[in-house]
Amino acid sequence: MSIPDPFLQGIHSGWQVHNASLLDNDLQLEADVVIVGSGAGGATSAELLSAAGLRVLIIEEGPLRTSTDFKMHEPEAYSELYQEGMGRMSKDGAITIMQGRAVGGTTLINWTSSFRTPPETLEHWAREHAVSGLDKDTLRPWFERLEQRLGVEPWRVPANANNEVIKRGCEALDLDWAVIPRNVRGCANLGYCGMGCPINAKQSMLVTSIPACLNKGGSLLYLARAERLMIDKDRVQQLQCHALDARGVERSGHKIIIRAKHYILAGGGINTPAILLRSNAPDPHQRCGKRTFLHTTNFSAAQFADPVNPFYGAPQSIYSDHFQWRDGTSGPIGYKLEVPPLHPAFAATILGGYGAVSAQRMAQLPNTHMMIALLRDGFHPASASGTVELRSDGSPVLDYQMTPYTWDGIRRAYHSMAEIQFAAGATRVFPVHADADYVTDLTSAKNLIDGLDLSLYRARLGSAHVMGGCAMSDNAKQGVTNSLGVHHQLENLSIHDGSLFPTSIGANPQLSIYALCALLSNNLLQRFTPN
Amino acid sequence: MPHTAQSAEFSRRSFLKLSATSAATLSMLSLSASLSGCSSDSASTGFSVLRSDDLLCLSALLPVLYSGAVSSEQMNSHLHSALRAIDNNLVNFSPAMHKLTLQLFDVLNNPLTRGPLTGVWGTWAKASTADIQSFLTRWENSRFDLLKKGHNALLQLAMLAHYGQPSAWQHCGYPGPPVLQ
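Line by line, the protein sequences are chains A and B. Quick note: the first sequence uses this note's numbering, first residue 567, plus one each step. Quick note: the second sequence uses this note's numbering, first residue -19, plus one each step.
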């Protein structure tokens, strides 16, 4: 009761925040810049542009939920704060895609890991994707600025037991590991970052850049879905939006037309290319929606004699990049090792099975640790890759195609995770796969993993990082935008989100999106105010 | 979305009524579905999405899915809260995923598809635990991606719904979220 809710206080102080589901007529709005999406890219851009005196309007399709609403219960959080009510999946239904959908976007529900873009990734983009001006040295001051802005620091509190497994196992095997930098201030180490931070410790866009924009006279319209850009003469003329119902599911029937000097799409991977596809935006080289990546993730569970309590404590605080860059960007696919928090509903869907099998696995939850491998997709021509398509109702779906090259990485990752887990003292390890179960020693685990049929639906796969689909490249044949994030064919349209990435990042992407979009917004400001 | 005590009680009553008459209702529904070739489109009383056929199907499937985690004495009350939770989940799905999920239930409910695809030729209420286990194994290992996808979707919906409820937490040793001062 006594926990302050600064966002509600801001609204009471007179912020321009409007709920489109309450509209009782159509609406026409004007702004200097309209930004579609209030997540990492959109809100960061909104803060910088409004600070420079531009009239900024943020459009968000999701609902507004603030700390008062965050009750640390899975069902409400998943239904209200995630894309498609946590029902978003790859087209074949084999990969669950966790993406935020509320004011603050995915920053509201991510697990706070904040990595700089790996230099290997930036070099690869310059070399293979004609990206210019985004080298390590150019980005460094932007990373420093955003890290200060968002309280990003390596986590100083001892890791919870779930994360500690990576450290202990890697030390025993002499593998690299490190502490994860997190964007928190006054974090109480609760463990519920994925359900909205109830104490506003996470420095999500809800408590940082969106308030900053609103304090500078910016405005926010939520429960409004950007439907299409109206395009004429190489310019966007207006943005058409639909007001949604209070759940953010169905259209309410009212339209919103927005005219602006400049348009920024920041709906994230999948949603941003979908707006361009619905708009029939010029795409002479058929790049829009192509090369969408997921950091496709597989899972390895382990049981320990001592309690792990994987539902409590900072969800991600230790990682290993030991297997990430061993063969550069051109060799076999690399992967980052982290852990997810394990709350009961999430754990039950990942661990799989039903009846006695599921019941036994779940009964051991307090002693269960889970590790994940995030595969660095998009660097190698043989990598898995996805294409955004529109369903008949205009909503997007990702057709993601696995490849033998990527499956090879999945198998190696199962091995690495089992090795680390046993080295950390696990009594039993379960490579999460329909044909596997817990085994009690490493030799059995390795035999089991080598024999697994790696195919969709059998290997449990997930994703929390959608990247690409509107790649930046100075070569118009390779990208939707140039390296400044400006659309190759539409001069008053920019893209400021993770869909710009020509490949996956090789690290949790939020800090990469913040820094890149801050830099791009700064460039945009110079263009608006040449004198 | 929060539910008022009144509406929860109302749906509980309608659910109990449904359970009591399920055998008779099922045979009638099954007959009418086979004659019409399609099932009802409207949600059952007290529910936003799930239709009476869906409730009957899930009422047969969920006890098998939850066995081992829920005692038989407690199954009815868990079943009730799980059905509500699945309904709440679906009502927040995107229209596309909502539609796909209802199509999955159509396949399970329509006798023309249920028999050939699941091996359950009679009604769900008459299916034995072994019948249901055999159906799940068959879909999990099917040559058809659509059925594997359906198996995946059913299990995910069921497990999310169950373990999201405080009543399920004792079994999995989860003390619940911390109380904030």
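Read the hints as simulated data drawn from the structure, not as lab findings. These numbers were taken from a predicted model, which means no experiment stands behind them. From the three backbone atoms N, C-alpha and C, an ideal C-beta is built for every residue, glycine too. Incorrect hints may have been included.
Not everything, but these chain A residues come out facing chain B in the computed CB check (under 7 Å) [said to hold, decoys possible]:
#1 Asp635
#2 Ser645
#3 Gly752
#4 Cys753
#5 Pro910
#6 Ala911
#7 Thr915
#8 Ile916
#9 Met928
#10 Glu955
#11 Leu956
#12 Gly960
Chain A regions said to be covered by chain B (calculated; three or more residues, Cβ under 8 Å) [to be verified]:
#13 658 to 665
#14 758 to 770
#15 782 to 788
#16 811 to 818
Each hint tested on the structure:
no.: 1; hint: Asp635; result: 11 Å, violated
no.: 2; hint: Ser645; result: 4 Å, holds
no.: 3; hint: Gly752; result: 13 Å, violated
no.: 4; hint: Cys753; result: 13 Å, violated
no.: 5; hint: Pro910; result: 4 Å, holds
no.: 6; hint: Ala911; result: 4 Å, holds
no.: 7; hint: Thr915; result: 5 Å, holds
no.: 8; hint: Ile916; result: 9 Å, violated
no.: 9; hint: Met928; result: 4 Å, holds
no.: 10; hint: Glu955; result: 12 Å, violated
no.: 11; hint: Leu956; result: 10 Å, violated
no.: 12; hint: Gly960; result: 10 Å, violated
no.: 13; hint: 658 to 665; result: holds (count 4)
no.: 14; hint: 758 to 770; result: holds (count 3)
no.: 15; hint: 782 to 788; result: violated (count 0)
no.: 16; hint: 811 to 818; result: holds (count 3)
Of the numbered hints stated above, those contradicted by the structure are hints 1, 3, 4, 8, 10, 11, 12 and 15, listed in ascending order.
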